[in-house]
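Residue-level listing of the chains:
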Amino acid sequence: MRYGAGMIAPPSHRATAALPSSSDLVEDVLERWPSTIPVFLKHRMACPGCPMARFQTIAEVADDYGLDADALLGEFAQAIAAEE
Amino acid sequence: MTPLAPDPASLRGLRLFSGLDAAALAEIVRSAHTRRIGKGTTIFSQGDRAALCHALIDGRVKIVQTGADGQQLVVRYIGAGEMFGTAAVFSGGIYPADALAMVDCVGVHWTAATMGELMERYPRIALNALDIVGRRLQEVQTRLRELSTERVERRVAHALLRLVRQAGRRVGNGVEIDFPLSRQDIAEMTGTTLHTVSRILSGWEGQGIVEGGRQQVTIRQPHALVAIAEDLPRPETPEEK
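Protein chains in written order, with the working numbering: chain V, -19 to 64; chain U, 3 to 243.
Because the hints were derived from the structure by calculation, they are not lab data.
Note that the Cβ used here is the ideal one computed from N, Cα and C, for glycine as well.
One or more of the hints may lead you astray.
[To be verified] In silico negatives: residues of chain U with every beta carbon more than 12 angstroms from chain V: (1) Q67; (2) R167; (3) H197; (4) I221; (5) A226; (6) A231.
[What the hints assert, rightly or not] Computed Cβ-Cβ distance ranges for the label pairs, DEER-style: (7) U/Q143 to V/L21: 22 to 28 angstroms; (8) V/A51 to U/L196: 22 to 28 angstroms; (9) V/P14 to U/V135: 25 to 31 angstroms; (10) U/G95 to V/A51: 29 to 35 angstroms; (11) U/V142 to V/S15: 29 to 35 angstroms; (12) U/G95 to V/D50: 56 to 62 angstroms; (13) U/H35 to V/D50: 53 to 59 angstroms; (14) U/F92 to V/P18: 55 to 61 angstroms; (15) U/Q186 to V/E55: 43 to 49 angstroms; (16) U/S47 to V/S15: 25 to 31 angstroms; (17) V/P14 to U/A24: 42 to 48 angstroms; (18) U/E29 to V/A57: 25 to 31 angstroms.
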């Protein structure tokens, strides 16, 4: 994938981080940790499959849906742990 | 329309040729014609005999269909790495729409006979073509549903999201659609009038959801646009006047 001027490059820790963080792009989280998808759906978030997912961070979408980002990250961690 | 030296690397992004080895790609490039296409050029016209399969290496092309009543509909936008005019070639008929270069482009094309021979030699190309046509058909079905069932506001939101998927670019204050796009273009994409699109976009600008220059659209509140398109509960916007 090409990153044009002004686009956000993938976070450098992406390959090594064990869990999603609030600054990760939503699409990266969905791709790397598919077990988080039910968490998005449970909160009636439209992120899976959304064309904006590659431009928005977890912190931004948590805010959009009026959710606490840390609580959401906690639920992601639980879902990922249950998977492993 | 200056001919260019063929470059196998230019075909790498094309889904039609994915999964082929370097020797096959080299042969495909040798049988292709590459050229520069100036902004505003009509690459083919609605009603012309479909004689060439086209692919875009760089630039942007608009596929526009004109109805019997003269009403224009933007069928789709073509970006780098996409094929166009190909389905018409294999249905043995005429191009169903015009293809217009929106910016200076680099394009590549094959005659129908050459593409047929390549497909017989490399069945992978035919399988890839089926995949491309299948996806297009799904898009068309989605659009048909939008046109027949959705309020025009949702249709405009969906049109912008489709363009974001194809040509979105993160900028400081939101997500920009990275090519010239007029309100008339949006009207032609959504089967509505310029007046209606202007009213909807002005409303969204007033709410701070989008920001439009004369030929540019930036989505300032991505989630608010998604909420309109998907009929989600509308987010709280305390800054809304």
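Taking the hints in turn, this is what the structure says about them:
Distance check for U/Q67 against chain V: the nearest CB is about 24 angstroms away, which clears 12 angstroms, and the non-interface claim stands. Consistency note on U/R167: stated as away from chain V, yet its beta-carbon is not over 12 angstroms from all of that chain's, at 4 angstroms minimum. Listed as a non-interface residue, U/H197 keeps its Cβ farther than 12 angstroms from every Cβ of chain V; the least gap is roughly 27 angstroms. The claim that U/I221 is not at the interface with chain V is violated, since a C-beta of that chain comes within 12 angstroms of its own (minimum 8 angstroms).
The claim that U/A226 lies off the interface is violated: its Cβ sits roughly 8 angstroms from the closest Cβ of chain V, which falls inside the 12 angstroms cut-off. The claim that U/A231 is not at the interface with chain V is violated, since a C-beta of that chain comes within 12 angstroms of its own (minimum 9 angstroms). Between U/Q143 and V/L21 the CB atoms are about 23 angstroms apart, so this pair conforms to the stated range of 22 to 28 angstroms. Checked against the given bound of 22 to 28 angstroms, the beta carbons of V/A51 and U/L196, roughly 45 angstroms apart, lie outside it.
At about 28 angstroms, the CB distance of V/P14 to U/V135 agrees with the hint of 25 to 31 angstroms. The hinted window of 29 to 35 angstroms between U/G95 and V/A51 is violated, with their beta carbons roughly 57 angstroms apart. In this structure, U/V142 and V/S15 meet the distance hint of 29 to 35 angstroms, their C-beta atoms being roughly 33 angstroms apart. Checked against the hint of 56 to 62 angstroms, the C-beta distance between U/G95 and V/D50 comes to roughly 59 angstroms, which is consistent with it.
At about 57 angstroms, the CB distance of U/H35 to V/D50 agrees with the hint of 53 to 59 angstroms. As the Cβ distance of U/F92 to V/P18 is approximately 41 angstroms, the hint placing it in 55 to 61 angstroms is violated. Distance hint for U/Q186 and V/E55: a CB-CB separation of about 45 angstroms, consistent with the stated range 43 to 49 angstroms. A hinted range of 25 to 31 angstroms for the beta carbons of U/S47 and V/S15 is inconsistent with their spacing of about 51 angstroms.
With their beta carbons about 33 angstroms apart, V/P14 and U/A24 fall outside the hinted range of 42 to 48 angstroms. Under the hint 25 to 31 angstroms, the C-beta atoms of U/E29 and V/A57, about 51 angstroms apart, miss the expected range.
Checked against the numbered hints given earlier, this structure breaks hints 2, 4, 5, 6, 8, 10, 14, 16, 17, 18; the rest are met.
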